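Chemist: For reference, the chains in residue letters:
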Amino acid sequence: MIKLENISFDHCIKCTVCTIYCPVARATHHFPGPKQSGPDMERLRIKSPGLLDDSLKYCTNCKRCEIACPSNVKIADLIQSSKWRYFRKAFRVRDFFLARTDLMGGVATRASFLVNFFIKLFPVKFFLDRFMKIPSERRFPRYAQGTFRAWYKKHRKEQEAFAEKAVYFHGCYVNYNNHDLGKDVVTVLNAMNVGVIVTDEKCCGVPLIANGYIDKARKNALFNIESLARSASESGARIVSASSSCSFALKHEYPNLLELDNSAIFDGLDYITRFIHERFEKGNVPAMGPVPVRAAYHSPCHLERMGGVMNTIEVLKKIPGLELTILHSECCGIAGTYGFKKEYYKVAQKVGDELFKRIERANPEIVITDCETCKWQIEMSTPYRVEHPVTVLARAIDGKKL
Amino acid sequence: MRYDCVIIGGGLSGLTCGIRLAEKGARCAVISTGMSALHFSSGSIDLFGNEGEGKIVFRPFEYLEKFIGSNPLHPYARCGSSRVREALFYFRDQLDLEDIDLYNNDDANHFHVTTLGTLKPTFFSQRSVFNEKIRLAFEKKSKIAALNFEGYRDFYPELAVINLKRNVLFRNIEISSGKILYPDYGDPQRNPFEYRSIDIARIFDTERYLEDLAAQIRTAAGDAAFAAMPAFLGITNFKRHHQLLQQLTGLLIYEIPTLPPSILGMRIDNALKSRFAALGGVYIAGDTVRGGTIAGGRLESVFTENGGSSALYAGSFVLASGSFFSGGLVSEFSRVREPVFGLRVYSHAERSKWHAQEFFPRNGHPFLEFGVETDERFNPLTDDGQRLGNLYCTGALLPHYNPIREGSGGGVAVSTGYRAAELILAGNR
Amino acid sequence: MKRIETEAIVIGGGATGAGTLRDLSLRGVRAVLIEKSDIASGTTGRNHGLLHSGTRYAVNDLESARECIRENKILKKIARHCIEDTGGLFVTLPEDDPSYHGKLIEHCKYAGIRCEEVSVQEALRIEPNLNPNILAALRVPDGTIDPFRLTSANVLDAQERGATVLTHTGVSGIIREGDRAIGVRCRDRRTGVELEVFGGIIVNASGVWGQEICASAGIALRMFPSKGSMVIIDYRINNVVVNRCRVPSDGDIIVPGDTVSLIGTTSKKVEYDKIDEITVDEDEIATLLESGEKLIPNVSRTRVLRAYCGVRPLIAVSGEMDGREISRGIVLIDHERRDSVGGLITIAGGKLMTYRLMAEMAADLACAKLKVRKKCRTQKTALPGSERKLDQAKSVKFFTGIPNSVVGSTLYRHGQRIRNILHREKRNYGLICECEMVTEGEIEYALKKLNVKDIVDLRRRTRIGMGPCQGQLCAYRAAGLFVKYDSATSAESNKMLVDFLEERWKGIKPVLWGDALREVEFCYWIYQGLFGLGDVRFPEEGEDR
Ligand SMILES: Cc1cc2nc3c(=O)[nH]c(=O)nc-3n(C[C@H](O)[C@H](O)[C@H](O)COP(=O)(O)OP(=O)(O)OC[C@H]3O[C@@H](n4cnc5c(N)ncnc54)[C@H](O)[C@@H]3O)c2cc1C
Ligand SMILES: Cc1cc2nc3c(=O)[nH]c(=O)nc-3n(C[C@H](O)[C@H](O)[C@H](O)COP(=O)(O)OP(=O)(O)OC[C@H]3O[C@@H](n4cnc5c(N)ncnc54)[C@H](O)[C@@H]3O)c2cc1C
Ligand code: SF4
Ligand code: SF4
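Top to bottom, those sequences are chains A, B and C.
Just so we're aligned, residue 21 is where the first sequence starts under this note's numbering, counting upward by one.
Just so we're aligned, residue 76 is where the second sequence starts under this note's numbering, counting upward by one.
Just so we're aligned, residue 54 is where the third sequence starts under this note's numbering, counting upward by one.
Please note: incorrect hints may appear among the correct ones.
[Said to hold, decoys possible] Now the stretches of chain A that chain C is said to cover, found in silico as 3 or more residues with beta-carbon under 8 Å: (1) 28-39; (2) 65-76.
[Stated by the list, open to error] Short derived list, chain A residues pointing at chain B, Cβ under 10 Å: (3) 56; (4) 289; (5) 298.
[Unchecked claim] Cβ-Cβ distance ranges computed for the label pairs, FRET-style: (6) C:445 <-> B:266: 14 to 24 Å; (7) A:340 <-> B:266: 48 to 58 Å; (8) A:256 <-> B:459: 33 to 43 Å; (9) B:388 <-> A:421: 32 to 42 Å.
No lab work stands behind these hints, which were simulated from the structure alone.
Small disclaimer: the values here were computed from a predicted structure and weren't measured.
C-beta atoms are modelled at their ideal positions from N, C-alpha and C, and glycine is treated no differently.
When you get a sec, could you build the whole thing from the sequences and use the hints?
Modeler: Right under this line is the structure:
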């Protein structure tokens, strides 16, 4: 029996527009597309859960269907919440590990050298492939030595000295895999006379949601809302995140999917380029040296959904010397942990194909994108290095080589 | 964020307006909830096709001259017929820059064949739908082959052929029908019986299937001089592939609109968005404007669903949010309202008067004529009677015209969008 | 003139007529059914499909209540695929008289209906969408019954046993020979062809129209028509039948049916000569939605798909009474005894869910007249498709490769006959109606086996066009398939497309606001703006041929 909270499917007028823009439906016909998997099937699933089709697992939650829908149907949310009902039955060790980025990161960063080494070895890959159903073609992001938080602790004092401050939600990736991005955020914000506050946080929940750990995701979400809100109100600061997926989760998945009240942080929370762009517009532009690089910018799906793409573009346009090509908006295919699963690997690569081709045609030196998983996917599938816009900004500011 | 102009609604009207403004150097943002009506339209731009009571308009501009006098509230009357002409040809030139050729029969309407084989008067059509060669072929009574993919559920040529044959123009034209098969295409799990036009368009967009398709079309068409096919001959590489197909088959290949999604409409949508972006316009998709701040008879800023409290400021605003279908108008149990600013709306008080008794009535459905009341400068009034001098309402949102009965949907969207841009530009000068 | 000779003639293809035809066929009697429109197009297709437990009648009409619970149990066995054993609740709202609750429990005991008191909390667990402010709740064995499938399955079984079915054929008069009725005159409404059918016994099962049939045989029989209106909402907002625990009144019940829910019903007297023109009134819709919202608050946020009404086929016993007070009792009339006209019997009144009993009574009498001494077997003989318990998991496994949703929906609609419909050929399971998961294979089956003459009939057999879009995409596809499967010419197909959309429009018109209006705007753009269907000229008969 279903309690009906998300009844947005009721507004669907069966116009078929969403089916055009779904990158997965384009890549594989195992997936019948957003219209059928979302609003059409929802009516049937309400009637009887037995009518649920497995095929909806193929949805990557990229939200492109929602952007296209003229009826404001929360198509992807409908699909995700049905996934939970399905996933609850099929627990998998792999999904558990992929979902627990904080747990895994906590362990791996203590011996990052070993983990990074082992995960490349053939027998390990074979094991992952055969028994964990993680495709051997897939490259893993490297784990870093120690955590970002540990680094930050040493710099807390100086950050707190700034008059204006921003609460920075760094996310698992910065904490465990890429400290440099976190440091770059500090560089950029400091250059704009903004201090960086780091407070207690848990994994934003994106991988948990994708793998059906909803209760855990809700728990994390409540924790984050409370912690960020407290920290922001204490320091009178805005909250920023430099991961488009974390920001999207904090801002939109919490209320829409997890059905939690996030009004305490909703208005104060920005994806970082919005925060920067707004200050740029008011004249707070730090001194920047030229970054003479040919770059192609890829806009991640979740940033598209938030409507934040133009902020990143406007900010990048301000960097002297940067030669920027804006790629046609396409999904890269990885969708967080999706591309790590053997059964979806091929689909993920096919989804990304269009983007990879476009990157090639743009012939850049580097690719810029806001999302860490897009970065992994593009670096694995093309020969190009991928950087975060904040990193490019930081190089313009500190003059180091990009 | 601050812009010169913020346009609410990224359909035919909003984008035409945005392109004109951006071209003149204005910093513009378009915000759109979702995809627009173009995704379903025939892809032909109707100007004025029917007088009503089944009488067809052959020369729309001439007709407008008299029509405007007796219908002063009609959006065309508020533009003026010479401005309507200016807007339409401007629109054609813009699409031309994006590689979409529109056909027009000088100042006269031409007829395109509908999915059910009736003829519909329209002003611009894509050249794959109508062109001089097709006209000549008709005049010469050349044989037509209506072709379709085996198992394509969204087009049934038989249903069209019977109606075409009843038309005097086609009386003596031989029409055959034929089937072609999907090329060996990708994943064997696919169920081709569930393909939509978009899936097939992607096949045509893929270079390597073209020869196979051409060979099949050639055979299926037999001795016909041209082949009529559902409009699914590609999107991204359409122009080149269409020419290639005609060369390879030696046939004239033309397209008939079919069930949504409309490939013909999407081509125009893509072209408009691409043109707008090329001129520096910002297109924010998937966000909805929820309201605005009004002070002293002016709209100062608007806020959106995703933006929360951070507002978008602009000197002028355009509301091109479409009709009920797109969410520009909202109907409730006993009233019709404009949801973003609560603007004054033209409608009927009694719900039973919103519609005609038959589904296919002689004179159309009244609800199609509802919309936001404006003055001759397309400025609306708020519910408490305040005129908003820097907000312009355009397109399907407007009242006092019936796009389906008149055959005027596209024309009104284009000319009012263009007109709003001109008024904004004039105001800034 | 065409002539058909048979043993028994049944007039009316509602549940009662179809049941009678099947009952006769099971007893080996050759029979012809004549229906002026389509199977289940009369009152049978215009109710809320409640498989009464009898609770609703327990206080006022004990006899009906007993009939209900008896038939309820039988139908759950013989018509499994037409029935959902959802269970039902009777809930007391704060404004309702609390004493009715106790009274109902007591009367259910007399009638032999299992009626169990449940806590408010438990009621909310059973039906989470229920108004949380209810004061008390009872659980009863209500269920739902799909009238279209039920009637169609009866007809199908009869046909497989040799019966003849003439749909779209109206009876224009009874042929009498002295004091006997010996046959009927009828006309095929689609071709205009006239024919006469002769038989030893005529069963008038034409529901509320029975008065006309009797009149044409010179017999006076007065019907007491009372209109009831209902609205259908977009999805299944409740999973158990929700009744309001009070003296029967307007807007008392919300019934889940397939993928939708129905709010019923009102009761208004209508003049007999207006029964073919009735429409749903504005105030009825307001009443139904207001009352519905009290039972399930989500009603106010949900799209209304359509509104429709039916006429209760009650035979006036005496005087003027409120429509609802009259017994729904079954009326079987032997016109030989009542009016001295031999060869004709009338069966009327009752309920959808007592159709089998009514059929048994009519067939018993008919057989007595025909001197056939066979016993009724319908209590025990399952309808085609209902032979075994429906096991979705098993079917899904059997049809691996076809989506669960398609297998499940087909099984739900056709029971075991799914094996005659689905197979693992892509054409077969390609979707035509995307809202209700109707495949090309199901349509082909319906066209060939289920007496489908146009898209409106097809809708009753398959649910095509019954979902939220009301036929926007599938109507055109269906019209194409009629031609593809040689069930109509292209010209006929065009015409039936118009007829179908006009038919759909009748039910949408009264609820045209909100998303329903958006849907209509879109649909009208497609069929008029894009297709020009309204401009298609339909030449007079024969002009084309
Ligand atoms: C099926 C169909 C077929 C048609 N065929 C033809 C044809 O053959 N020829 C012809 O000339 N015309 C045709 N038309 C009509 C024509 O396409 C429309 O009249 C025209 O496109 C309207 O353009 P518009 O820009 O005013 O509105 P729309 O195209 O409706 O665009 C409005 C946009 O505004 C967005 N929006 C709404 N509210 C908000 C908000 N609050 N915030 C942000 N965004 C918002 C919507 O998502 C939508 O994208 C057809 C229309 C349909 C539906
Ligand atoms: C609003 C309402 C709600 C109801 N709810 C329920 C409920 O929830 N549960 C329940 O069990 N019952 C319910 N009923 C009662 C139930 O619908 C009817 O009792 C039952 O459908 C009657 O079936 P029938 O076959 O006797 O009549 P009908 O279904 O009316 O069949 C008569 C048929 O005869 C045909 N006919 C008429 N004249 C001619 C002619 N001249 N020639 C050929 N054919 C002719 C008609 O077209 C029609 O198809 C409800 C009734 C109404 C009005
Ligand atoms: S979220 Fe992305 S993958 Fe999922 S249905 Fe929507 S468009 Fe397709
Ligand atoms: S785009 Fe929205 S309204 Fe259209 S079919 Fe998809 S969900 Fe429905």
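Chemist: If a hint holds in the structure, say so; if it doesn't, say that too.
Modeler: The hints, checked one at a time:
1. 28-39: holds (count 8)
2. 65-76: The restraint on the region 65-76 of chain A holds, since 9 of its residues have a Cβ under 8 Å from chain C and three suffice.
3. 56: holds, 9 Å
4. 289: Holds. Min distance 9 Å.
5. 298: holds, 7 Å
6. C:445 <-> B:266: 14 to 24 Å: Since the Cβ atoms of residue 445 of chain C and residue 266 of chain B sit about 21 Å apart, the hinted range of 14 to 24 Å holds.
7. A:340 <-> B:266: 48 to 58 Å: Because 53 Å falls inside the window, the suggested range holds.
8. A:256 <-> B:459: 33 to 43 Å: At roughly 37 Å between Cβ atoms, residue 459 of chain B and residue 256 of chain A fall inside 33 to 43 Å, so the hint holds.
9. B:388 <-> A:421: 32 to 42 Å: Between residue 388 of chain B and residue 421 of chain A, where Cβ atoms are some 39 Å apart, the hint holds.
Of the numbered hints given earlier, the model fails none.
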